[in-house]
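S.K.: Top line first, the protein sequences correspond to chains U and B.
FYI, in the numbering used here the residues of the first sequence are 432 to 511.
FYI, in the numbering used here the residues of the second sequence are 11 to 425.
Treat each hint with caution, since some may be false.
[Stated by the list, open to error] Calculated cross-link-like contacts (lysine to aspartate or glutamate; reagent style EDC-like; alpha-carbon spacing at most 20 angstroms):
| no. | chain 1 | residue 1 | chain 2 | residue 2 |
| --- | --- | --- | --- | --- |
| 1 | B | Lys391 | B | Asp378 |
| 2 | B | Lys391 | B | Asp161 |
| 3 | U | Lys448 | U | Glu479 |
| 4 | B | Lys391 | B | Asp187 |
| 5 | U | Lys448 | U | Asp466 |
| 6 | U | Lys448 | B | Asp237 |
| 7 | U | Lys448 | B | Asp161 |
| 8 | U | Lys448 | B | Asp378 |
| 9 | U | Lys448 | U | Asp461 |
| 10 | U | Lys448 | U | Asp464 |
| 11 | U | Lys448 | B | Asp69 |
By construction, these hints were calculated from the structure, which means they are not laboratory data.
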Amino acid sequence: MSTIDPRITDVLSRTFKVPVAEIHPEATMDGLDMDSLAAAEFAVVLRETTGVELATGTLTRGTTLAELTAHLHAAAGTAR
Amino acid sequence: MERDARTTTVVTGLGLVTPVGDDEHAFWAGLCAGRSAARRCEELAGLPADFACRADATDLDEAVGGRSSWRMARFVKMALVAARRAVADAGLRPESWDGGRVGVVLGVGVGGVAVLVDNVRRLDASGPQAVSPLLAPMMMPNAAAGEIAVDLGAYGPSLAPATACASGATALATAHDLLAAGRCDIVVAGGAESVLTPLVVAAFAQLGALSTRTGDPAGASRPFAPDRDGFVLGEGAAVLVLERAGHAAARGARARAVLAGSGSATDAHHPTAPDPAGRGARRAAEAALESAGWDGHQVDHVNAHGTATPLNDAMEAALIAGLFPHRPSVTAPKGVLGHTLAAGGAIEAAATVLTLEHGLVPPVANLDAPPAEWDIDCVTKQPRRQEVRRAVSHSFGFGGHNVVLAFERARHADR
Chain U
432 MSTIDPRITD VLSRTFKVPV AEIHPEATMD GLDMDSLAAA EFAVVLRETT
482 GVELATGTLT RGTTLAELTA HLHAAAGTAR
Chain B
11 MERDARTTTV VTGLGLVTPV GDDEHAFWAG LCAGRSAARR CEELAGLPAD
61 FACRADATDL DEAVGGRSSW RMARFVKMAL VAARRAVADA GLRPESWDGG
111 RVGVVLGVGV GGVAVLVDNV RRLDASGPQA VSPLLAPMMM PNAAAGEIAV
161 DLGAYGPSLA PATACASGAT ALATAHDLLA AGRCDIVVAG GAESVLTPLV
211 VAAFAQLGAL STRTGDPAGA SRPFAPDRDG FVLGEGAAVL VLERAGHAAA
261 RGARARAVLA GSGSATDAHH PTAPDPAGRG ARRAAEAALE SAGWDGHQVD
311 HVNAHGTATP LNDAMEAALI AGLFPHRPSV TAPKGVLGHT LAAGGAIEAA
361 ATVLTLEHGL VPPVANLDAP PAEWDIDCVT KQPRRQEVRR AVSHSFGFGG
411 HNVVLAFERA RHADR
């Protein structure tokens, strides 16, 4: 079963006030009411938090949190 | 004077975020107590002025609520909180109003400078990828008007006048014009500013505009005192709901005051120093009186700009003495609140409305005795009971902008 990197959960809930109950692996940016501006800011905050560069286009309206977690882990070479 | 309900503008709601508290009663009690809100600020340590008047009574993120506070600079949150309070005070329900007839005019002088500073640091430290895509929409001065319109569903004209320290008053004067011209039924109008950062404090200090009484923050803002040495920086917001009198009456809303007139004029003299002869300020005051249909001798009270800078107060005191030789009472809220820049004109408009309602004039903080230098009647030490029927509020800004608002007691309040 896929999981979510806890740093993603933390940023979404603390900075973007996404209710924790809505944060699940299959949730998309769209599904979380993260519009394009919010998604762009999310990418910058994640980079700052994790040190992982998110290339343009990595984070789209349809990106799920499971996919984002996989991307973070792959980029950091710590895929689990 | 009889006024036409179609063109008369009334104040139906007030909303505040100030250094002496955010609900109207705390604000009024704080003003009437006449004690400065200035105090030392940790983040300003080591600067020529290490104190300011912070407005921190409300947890702004909690008050804004919802999911969007992350995209708002502090001045925007303050403006939004004040706007919601004003609308609630007016008894208006945005979910059922005709939003196309509602305007928003929110004056901001500087904007989100803390966001800018933070992103300059990110750019220097980590490169362009670290810069927030929100920088521009967060720092722009019109962000406050925009977010208020989003929040309230106000689809009429929206503006963000930037006339520095007169911005809040310019916003109210502009709202008055929009209502008188019939372009709106309701305008949510005021000012907001939050720039208490080391950069801005250093800049104003370099300009020689700030008081440097570092050992005595509470005694630093001394409007009209002979030993005044500059202003104390503050932050805050105030929003007034202005409405066409006929519109307010039709929905059964009570007018808190009448915005009887407004006048604006420009010094065209110098970027920061007022015209020493006060010609622009005088023209603005005369225009406000003419707009209200008043003679100068009918003015009972003056809410002065009174920044506590040597130049402003000398110019303004001479103006008041010359224009109003019958010696109306004078107060200067910046003694208590510090100089909240763009918010000042709106906060002081709210204070003027409260003076009309309560029949009470707050004292000028740190002014122990009426100034001997000019023949003006400053209220000192304690609030003064006075039946005020007509009052003016002065606002003057860097750039030479002068705005005077003329408020009259609401008719039902006549005693």
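S.K.: Tell me if the straight-line CA distance from Lys391/B to Asp378/B falls inside 20 angstroms.
M.R.: holds, 6 angstroms
S.K.: Does Asp466/U sit within 20 angstroms of Lys448/U, going by the straight-line distance between their CA atoms?
M.R.: With Cα atoms ~13 angstroms apart, Lys448/U and Asp466/U stay inside 20 angstroms; holds.
S.K.: Are the Cα positions of Lys391/B and Asp161/B separated by 20 angstroms at most?
M.R.: violated, 41 angstroms
S.K.: Given the hint that Lys448/U pairs with Glu479/U, does the C-alpha gap stay at or below 20 angstroms?
M.R.: holds, 18 angstroms
S.K.: Quickly compare the C-alpha distance for Lys448/U and Asp464/U to 20 angstroms and report which way the hint goes.
M.R.: Within the cut-off at roughly 11 angstroms; holds.
S.K.: Run the distance test for Lys448/U versus Asp161/B: straight-line Cα separation, threshold 20 angstroms.
M.R.: holds, 17 angstroms
S.K.: For the pair supplied as a hint, Lys448/U and Asp461/U, is the alpha-carbon distance within the 20 angstroms limit?
M.R.: holds, 15 angstroms
S.K.: So if I understand the rule, the pair passes when the alpha-carbon distance is 20 angstroms or less; does Lys391/B with Asp187/B pass?
M.R.: violated, 37 angstroms
S.K.: Quick one, are Lys448/U and Asp237/B close enough, alpha carbons at most 20 angstroms?
M.R.: violated, 49 angstroms
S.K.: Just to be careful, I want the Cα atoms of Lys448/U and Asp69/B compared with a cutoff of 20 angstroms; is the pair within it?
M.R.: holds, 15 angstroms
S.K.: For the pair we were handed, Lys448/U and Asp378/B, check the Cα-Cα distance against 20 angstroms.
M.R.: Violated, because 49 angstroms separates the two Cα atoms, which is more than 20 angstroms.
Checked against the numbered hints above, the structure breaks hints 2, 4, 6 and 8 and satisfies the rest.
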